[in-house]
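Using the supplied hints, reconstruct the complex from the two chains, each of which is provided in its own coordinate frame.
Sequence lines, in order, name chains A and B. When the letters of the first sequence are read in order and numbered with my numbering, they come out as residues 1 to 358. When the letters of the second sequence are read in order and numbered with my numbering, they come out as residues 1 to 608.
The reader is advised that the hints may include incorrect statements.
Stated by the list, open to error - Covered stretches of chain A, as calculated for chain B (at least 3 residues, CB under 8 angstroms):
1. 43–53
2. 64–72
3. 213–225
4. 341–349
Said to hold, decoys possible - Between beta-carbon pairs, the in silico distance windows are:
5. S360/B - E298/A: 23 to 31 angstroms
6. N346/A - G154/B: 26 to 34 angstroms
7. D50/B - E153/A: 48 to 56 angstroms
8. G131/A - C24/B: 52 to 60 angstroms
9. L53/B - N346/A: 18 to 26 angstroms
To be clear, the hints were calculated from the coordinates, so they are not data collected in a lab. Being a predicted model, the structure only gives us computed values, none of them experimental. Backbone N, C-alpha and C fix where the C-beta goes; we use that ideal spot for every residue, glycine too.
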Amino acid sequence: MKKKWLLTLTSAMTLFLLGACSSEESGENTGDGGNNDENKEVLVYSNSLAGGRQEWIDEKATEAGFDVQYVEAGGGEVLNRLLAEANSPQADVTFGMDEAMFFELLDEDLFVEYEPSWVNELPEETNIGEGYFHPLVEQRIFLMYNEEFVSAEEAPENWQDLSDMTEFAQKYRVPAQLGSGTDQKAILSILLQYVDEDGELGIAQEGWDEVEQYLANGYQTPENEEQLQNFADGSVPISYHFLGGIPAAEEEFGFTAVPINPEQGVITMREQIAIINKGEDNDYSAAEEFVDWFGSAEIQSAFVEEFGGLPVNEIASESASDRLLEIAEATEPMEVDWNFVRENLNAWIEKVELELMP
Amino acid sequence: MNSSKITKFRESNYLSKIPFYLFCIFIAWFILSLLILPNINVLVDIFWVDGQLSLSAFDRLSRSDRAIRAVLNSFLLASVLTITVNIVGTFIVLATEYFDIKGAKLLRVGFMSTLVFSGMVLNNGYLYVYGQNGVLTNLLLQVFPNMDPNWFTGFPAVLFVMTFACTTNHMLFLRNGVKGLDNNTIEAAKNLGSNQWQVLRQIVFPTLFPVIITLVIMSFQLGLGAMAAPTMVGGEFETISPLILNFTQRPASRDLAALLSIILGFAQIILLIVMTRNEKKGNFMSISKTKTRVVKQKIENPVLNGIVHVLAYVLFLIYLIPLVLVVLFSFMNLQGISQSILSLEYFTLDNYADILSNRSNFGPLLTSMVYSGGAAVLAVLFMILVARLVMKNKKNKLAEWTEYLFYIPWLLPGLMIALGLIISYDSPSLLLFGNSVVGSVWILPLIYLIMMLPSTLRYIKGAYYSFDNNLEDASRILGSSSIRTFVQVILPALLPTALALVALNFNNFLADYDLSAFLYHPAYPTLGIAIRKNADAANNVNAAAVNLVYSVIIMGVSAIMFYIVYGRGSKIGERKSGIKKSKKVIKAPVIETGIGDTGVSDPTTGGK
Numbered sequence: 001m002k003k004k005w006l007l008t009l010t011s012a013m014t015l016f017l018l019g020a021c022s023s024e025e026s027g028e029n030t031g032d033g034g035n036n037d038e039n040k041e042v043l044v045y046s047n048s049l050a051g052g053r054q055e056w057i058d059e060k061a062t063e064a065g066f067d068v069q070y071v072e073a074g075g076g077e078v079l080n081r082l083l084a085e086a087n088s089p090q091a092d093v094t095f096g097m098d099e100a101m102f103f104e105l106l107d108e109d110l111f112v113e114y115e116p117s118w119v120n121e122l123p124e125e126t127n128i129g130e131g132y133f134h135p136l137v138e139q140r141i142f143l144m145y146n147e148e149f150v151s152a153e154e155a156p157e158n159w160q161d162l163s164d165m166t167e168f169a170q171k172y173r174v175p176a177q178l179g180s181g182t183d184q185k186a187i188l189s190i191l192l193q194y195v196d197e198d199g200e201l202g203i204a205q206e207g208w209d210e211v212e213q214y215l216a217n218g219y220q221t222p223e224n225e226e227q228l229q230n231f232a233d234g235s236v237p238i239s240y241h242f243l244g245g246i247p248a249a250e251e252e253f254g255f256t257a258v259p260i261n262p263e264q265g266v267i268t269m270r271e272q273i274a275i276i277n278k279g280e281d282n283d284y285s286a287a288e289e290f291v292d293w294f295g296s297a298e299i300q301s302a303f304v305e306e307f308g309g310l311p312v313n314e315i316a317s318e319s320a321s322d323r324l325l326e327i328a329e330a331t332e333p334m335e336v337d338w339n340f341v342r343e344n345l346n347a348w349i350e351k352v353e354l355e356l357m358p
Numbered sequence: 001m002n003s004s005k006i007t008k009f010r011e012s013n014y015l016s017k018i019p020f021y022l023f024c025i026f027i028a029w030f031i032l033s034l035l036i037l038p039n040i041n042v043l044v045d046i047f048w049v050d051g052q053l054s055l056s057a058f059d060r061l062s063r064s065d066r067a068i069r070a071v072l073n074s075f076l077l078a079s080v081l082t083i084t085v086n087i088v089g090t091f092i093v094l095a096t097e098y099f100d101i102k103g104a105k106l107l108r109v110g111f112m113s114t115l116v117f118s119g120m121v122l123n124n125g126y127l128y129v130y131g132q133n134g135v136l137t138n139l140l141l142q143v144f145p146n147m148d149p150n151w152f153t154g155f156p157a158v159l160f161v162m163t164f165a166c167t168t169n170h171m172l173f174l175r176n177g178v179k180g181l182d183n184n185t186i187e188a189a190k191n192l193g194s195n196q197w198q199v200l201r202q203i204v205f206p207t208l209f210p211v212i213i214t215l216v217i218m219s220f221q222l223g224l225g226a227m228a229a230p231t232m233v234g235g236e237f238e239t240i241s242p243l244i245l246n247f248t249q250r251p252a253s254r255d256l257a258a259l260l261s262i263i264l265g266f267a268q269i270i271l272l273i274v275m276t277r278n279e280k281k282g283n284f285m286s287i288s289k290t291k292t293r294v295v296k297q298k299i300e301n302p303v304l305n306g307i308v309h310v311l312a313y314v315l316f317l318i319y320l321i322p323l324v325l326v327v328l329f330s331f332m333n334l335q336g337i338s339q340s341i342l343s344l345e346y347f348t349l350d351n352y353a354d355i356l357s358n359r360s361n362f363g364p365l366l367t368s369m370v371y372s373g374g375a376a377v378l379a380v381l382f383m384i385l386v387a388r389l390v391m392k393n394k395k396n397k398l399a400e401w402t403e404y405l406f407y408i409p410w411l412l413p414g415l416m417i418a419l420g421l422i423i424s425y426d427s428p429s430l431l432l433f434g435n436s437v438v439g440s441v442w443i444l445p446l447i448y449l450i451m452m453l454p455s456t457l458r459y460i461k462g463a464y465y466s467f468d469n470n471l472e473d474a475s476r477i478l479g480s481s482s483i484r485t486f487v488q489v490i491l492p493a494l495l496p497t498a499l500a501l502v503a504l505n506f507n508n509f510l511a512d513y514d515l516s517a518f519l520y521h522p523a524y525p526t527l528g529i530a531i532r533k534n535a536d537a538a539n540n541v542n543a544a545a546v547n548l549v550y551s552v553i554i555m556g557v558s559a560i561m562f563y564i565v566y567g568r569g570s571k572i573g574e575r576k577s578g579i580k581k582s583k584k585v586i587k588a589p590v591i592e593t594g595i596g597d598t599g600v601s602d603p604t605t606g607g608k
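So here's chain B without its partners, still in its complex pose (with noise of 0.2 angstroms):
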């Protein structure tokens, strides 16, 4: 094709590889000696003991019911909650911003709330809810006395809340491809004589097919790791995250968390690559090049619509009332919280003043914030750059392996890469320029980083894949540089999905505690280190009250930061990347070279 030649000829141009050569270079380096040699090193040192090989973990682990049984559940969870987390996903996103549902910009902040309201304190709230004496299970037990108050446990409860809890990546990424869908496609579609089910079947999911192979892998993801339901409402129903966390954190035992976390990681990535030669056979996407805003659509069927309708402002409720409670219950006192009863007797401002007028906890909040969005805001960057070449050598072996190498940190828990760097690097090394990690203030958001990177390289591809390929090759016709096409063109249509990925990477690390104990700099305390040391049930009864104050407080920050990073940025690019409001369509002629509307500011004289 003629584009092609042309790019072509100027990536021939000798100099204007050099940073190109650089950066791969940069790759290799980057690869080689922090994802690979560090993991290398924390193995040997974990199964090579006395001079051989050490495989008794293996033994040892067969030998245990207990394990096998954490290792079934994982997986008997993951399984399952790919299929339910995207049934709902899916839902709550078309119902949001596909069809025509009242209300939906309320329903919306309901649905969102998972992305600031996860983990430990989320299952909390599930259970003031739920729970022995939650506000449901009082409600029923008036209607069936001889119910077992203990009745949400186990497996079903389990799946429960993460089937909710899990929506937060549906409603960032499908979103974005909900949002980035075309309008003119649909509309062609209906003159044509599709209804709505077909029009939803044949060019709706075709389109966020890369997004929603993204989403199951990592739903099953997040069921294999599942963590925080487990512990909490799992009851019997064991997992085997906890498991891991806890045999990482005895040396003596962390041959069983490495074999257990390959296990797992190994599943996750066998996963991937079946999905992602899946999503080599072919994609879908628009051909139109004056996209338009999808119109939201009116659901025709009276019944279906009511249906639907009642649906969304049930899971409204199921999302938002534990949330709600979270927040009143952080205003009780302990009796309070420890009976889980909300009375205005029990009403206190205590402990909202307690840390809210230590001064020493503002410092390690501005480390955690630094630190994560530091993390954040190169891991995405980089994974840009990353994704764009892997992208753009589909056929080459060597960018294949470069994207399989970064998925590396799904292998090995986070603790025990920080313990492989540690032991790769505790003296100054040629490899880090002669800088030694331990005791520097940058390995903790280097982990972070490195943490960050698989999840991230995975949605950024996968926003990739909804790129119109034929807007770069316009810029480039156009005379831009191809920095400056990366810059003003590329950058802006990835921008809502990047910017989610900051968003999400930033709370994701905002109040870890493991990775921070194991690493924080004595001079720069991180804000998970702060809450235990105010929230440790050995050192303060009170810690159950402090606890949920700083969940609140954590809320707080990350919805605030999600606003100002997500809310507001990627409205700015929608408005760069392409996407118009159907009111003002630029027209321009499609042509086959595809010059199109290409969001550089005027295409009429970029050099035609």
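With the rest of the complex left out, here is chain A (with noise of 0.2 angstroms):
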């Protein structure tokens, strides 16, 4: 009898979710050929949602009148999901994602160009997704060491060097696996500083050669440990990090990381913003409004004070942590064609996964 209660109940439960949601998305139509001024309803894709950020916007935009509904999951989902989706495309707003994913999603044809009103806040060097993508916070992913136990004179100056240092060896992290951004830059902060229009995608045999060996001679965290916790014990004292995690990270752990800027720069990413293309007959008020907001200095000051991070928007980057801000003075910006990253950025980590990856 159990039993059949029970599916009786499921059953119940899924017709119910069925119907509640097919009640929904007629309530979605109506709303999107009507009067959108009262009703700004917009489906916003992100990775940059999570520890909070999510409920803070939702708060923050529900008073400015919108209705956003979200998904939420890590970088490379959303772009996957977002170029599954391309033939019916479901969000109209995407950011958080970086330059060489949004050039990818652009390459599909999966953006409406659309020029936010605070485009001329932002460094004119930084915009550079050709109308269609801005950017709105800034990331750097640099090497650091534990001021505890490495001093200045014995930390490397670049990433290379690291698999020469035989009193290193073991006693750096490296990524254990590439799916990630920040795992990505790593190697990119390798590779980048070898390119050669002759060489194996567009890379000098030697470059790949000191990807292979700073892989081999370092140290790659298991599963069950954490990486910071290693940097703070000083088991670990040299390891990589993206900028905005830090204050946070030091806070927890009880560390002074200091970051290492070789003279090629650190590598400097941008999280974009933009308007999905969902043809001609859209209508994207909605969704520019909502870049409009979003991507205002008002709102983009209280976002960092909130959560950390380095916004773009010259006016917004006053609010950056002093931390932060010294950690980005201390770092200079490499310079990245982004371009070319995307073109080969998937055979590079394919190929150091399948054949340089101890």
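What follows is the structure, encoded as structure tokens:
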């Protein structure tokens, strides 16, 4: 009997869910066609909604008259989802992934051109999206050491120095896998110093060798260890990290990270925002208003005050925390040809995964 | 035979076959539009580059020592694991269900724990015991100070963890098999002078043969598809699944993922075909018409008895200590967790307070329960019908192929099957009656369902073998319609296995992230999405603690579900399926037409 009861309950719940949803969909339709001023519905796809961000954005957006729905997942997953849905896009706006990913989406004709109201507040050289996408937050990925265990003299000057430094063998962190953007940037930091048109995949053989040795000589953090803990207790006192995560990590694990600024600079990527191309008949006004609103100096300042980060918007960047500005000043952005990276990134990562990883 | 003539007569009745034809049409539609077409589309999409077949994946793979090593490792693991898991699995089932071991109930709880305690959490638990700072490692270090604290790594570690982690299927299905054994046969053999070993070898194992075949196939598959253990404790020992997942998630490398996955899938299906051929050669089952429940056998040899007791309790500890440690560590703060130190000093309730006080966690939990619960129930019902069709037409080639087509989901990773559906149905399609899958609520449970089909079918088929066909004939002769026979006779007999599958499928997909991220509806985020949001290492330094707490909560939910569905449900099933306690045997005459204890409420008035 219990089983029948359960079955009925499950079916009822399923039906209820389906029903609830279809009625909601019809609601959306009327919303789209009608008065957008009162009910600005936006479906956002983003990898930058975790850790309370979504709730924060939702509260502010509701105040501003938006009705926002979210799809939240890792950067790679959001990218995959947008690509898979290319023939019938669902999202209105997407933000949070880096230039390389946005270029990939642009290749699939997934964006509409739009000039947000805050475009003039951006440093010109940062706005590389050809009018289709625009930067919001800057991230830098850099090599760092724990000053408690490594002195400035002992520290390496560049990524590839590590593979020759026997004193740090197995004592610097290397990526254990290359799924996440930060891990990929560690590899890019080396590869991009050896760009060579005639080399395999545009990289000189020397570059591939350096990556291989760098990986072989370093420490891959096993799944059950916390790399920040290793960094804090000195067992792996050299690591890499992304700028926005430093203040929280330093506070939680009690260390002071010193960034290393190699001669070529550190890889600097910018999280972008764009409006999704849903065909010519689509009404983009709500999406455009959302982009104007979310990228504005006011919201970006408030956002970084709450969650940290370095806004690209020059007016908002004043709100970044002192520690972030300090690290930002100690490092210099590396010049990266993102179009070149976008063309080759997948093949590079695959080659590293297949042939170079230990 | 008499009964089959009657069956034929009934089935020739045109009207009564309408549901049957409708069901066949449904199966054909399902296979064609949900299993074949999307997967062909996705393979074409992947391997057909710029208008021609691109097989550079072979080339790229063959140049990769790492990939080849991983493939070989997977096969090595699968082969060895098939042996070890089946030994341990059979032992724990016999120890709790067949032999008379003191405290069997307690032991059973420990051995069953892997049903809810699995994957990454389980490996985490094992590391709290055997890892660098583990309890056992610390003890060993006091005895052998020169020992390497990182001793628990590589192939032996993976094999060790998985040998115990993968006995879940034994505790569910082999246990059902043992409980379905007929005591009369065993008693008869004993009366004829067989010793315990002979009974085991000549009666118990042959009867359990179909289930054991399934378990062999499944252990092999678990070994091939090993994911959590190699990433957590494998160290240098890499297997192929983590690579496949990695490649699947990057569009440019999907051909590699498809190729690797097809290699694994084919290995699996070849094994299955070989096993199925074997299965057809002959099966053993009790011919007794009055099944009585097995009376637990006391091991007669006292030394052996002692050894089995000790072994059972040692295994109990191996199973339970990691679980206990995981629960304890979920109450530690981040310092405690990251250094693997259990101490009152680090005790905190904040981890739980954070998650339980956050109301936005409950919606996703409910969504995931409905999705995986609904898919689990439907998958099992569907496969019961399909298995019945296959079993009734064993000689029919079409039926045989139907069965194999349902194993298609074994060939490709879930994400790719999802991709296939999206590619095929991203605009309203006639095949889906004018629906499109993109942006729909039901695509996610649909994919769960598809992914559940192969193993569900395999287990149900195994259960059919040990089910007495005469029961069905009897019910028909007694005048029940085929539908009534199915609902009142066949279903109850399969209920323990079916419920076990519901529980198992439910647990497998409850905390799914990879498929969810790809497909979830914005209005209904799933549990996996919620977990990632709160436990993303990049955004939350406290991620390890949050993950542990979620793990414990999920184990709790799964355990409750498991108890309600399987624990209670299978008791009802046993009552209905005609396995009686020895005391209450209804003696019915065994006559040639095979009317016995049919489980029909009142055989005497059944129209004889």
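Hint check, failures only: none
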